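Visitor: Sequence:
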Amino acid sequence: ERDAITQWFGQGRIKSPLTNAPLGSRHLTPNHTLRKAIDNFLTEEMPHLRDQQNQLDNLEAAIKLREADLANQASKNMVPKDEYDRVMALLARTQQDLARTQRDLADARQVMMAVGSQLLTQARGEAG
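The numbering of the sequence shown is this note's numbering, which starts it at 388 and goes up by one.
Calculated directly from the structure, the hints in this document are not laboratory data.
If you're wondering where the values come from, they're calculated on a predicted model, not measured in any experiment.
For each residue, glycine too, the CB sits at the ideal point set by N, CA and C.
Don't take each hint at face value.
If you anchor each label on the Cβ, the simulated ranges turn out as follows [what the hints assert, rightly or not]:
id : residue 1 : residue 2 : range
1  : L506      : Y471      : 49 to 59 Å
2  : L478      : R389      : 49 to 59 Å
3  : I450      : R389      : 20 to 30 Å
4  : N418      : D472      : 52 to 62 Å
5  : G399      : E470      : 42 to 52 Å
6  : D472      : R389      : 46 to 56 Å
7  : Q482      : A391      : 52 to 62 Å
8  : T393      : Q440      : 13 to 23 Å
Using the sequences and the accompanying hints, generate a full structural model.
Guide: In structure tokens:
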């Protein structure tokens, strides 16, 4: 709770958040006796709470490690945006070239068919 109290004071507040009464000082004094009494109570009367807290701490640490591992893996598998943009532009140009080549091929087929037809007509005319 010390962090929360420090943050409360850091925001310029000088009143109790519980009672809204003015506080005489912003100086924090640790109460070791109270801390020890709470620790003893938790250890002796509610050991399951201590175990749960340890499990929670371990889980939080495991989650942080896993998040770091996933972020590391993702960064290895990611392509930088400028490289992605370059490849996409190259793909677009290649698709345009392919479309142009297909049109040219279709035009060439039509010319070839017309020339073939003319040659057939000429050959028939010469044969007849």
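Visitor: Take the hints in turn and mark each one as holding or not.
Guide: These are the hints, each one checked on the structure:
1. Here the CB-CB span from L506 to Y471 is close to 52 Å, well matched to the stated 49 to 59 Å.
2. Look at L478 against R389: about 57 Å separates their beta carbons, and that is inside 49 to 59 Å.
3. Taken as a hint, the range 20 to 30 Å holds for the pair I450 and R389, whose Cβ atoms sit roughly 24 Å apart.
4. The hint said 52 to 62 Å for the Cβ distance between N418 and D472, and at roughly 60 Å that hint holds.
5. Range check, G399 to E470: Cβ separation about 49 Å, and the 42 to 52 Å hint holds.
6. Evaluation of the 46 to 56 Å hint for D472 and R389 yields a pass: the beta carbon distance comes to about 50 Å.
7. Remark: the range hint 52 to 62 Å for Q482 to A391 is upheld by a beta-carbon distance near 59 Å.
8. Under the hint 13 to 23 Å, the C-beta atoms of T393 and Q440, about 22 Å apart, fit the expected range.
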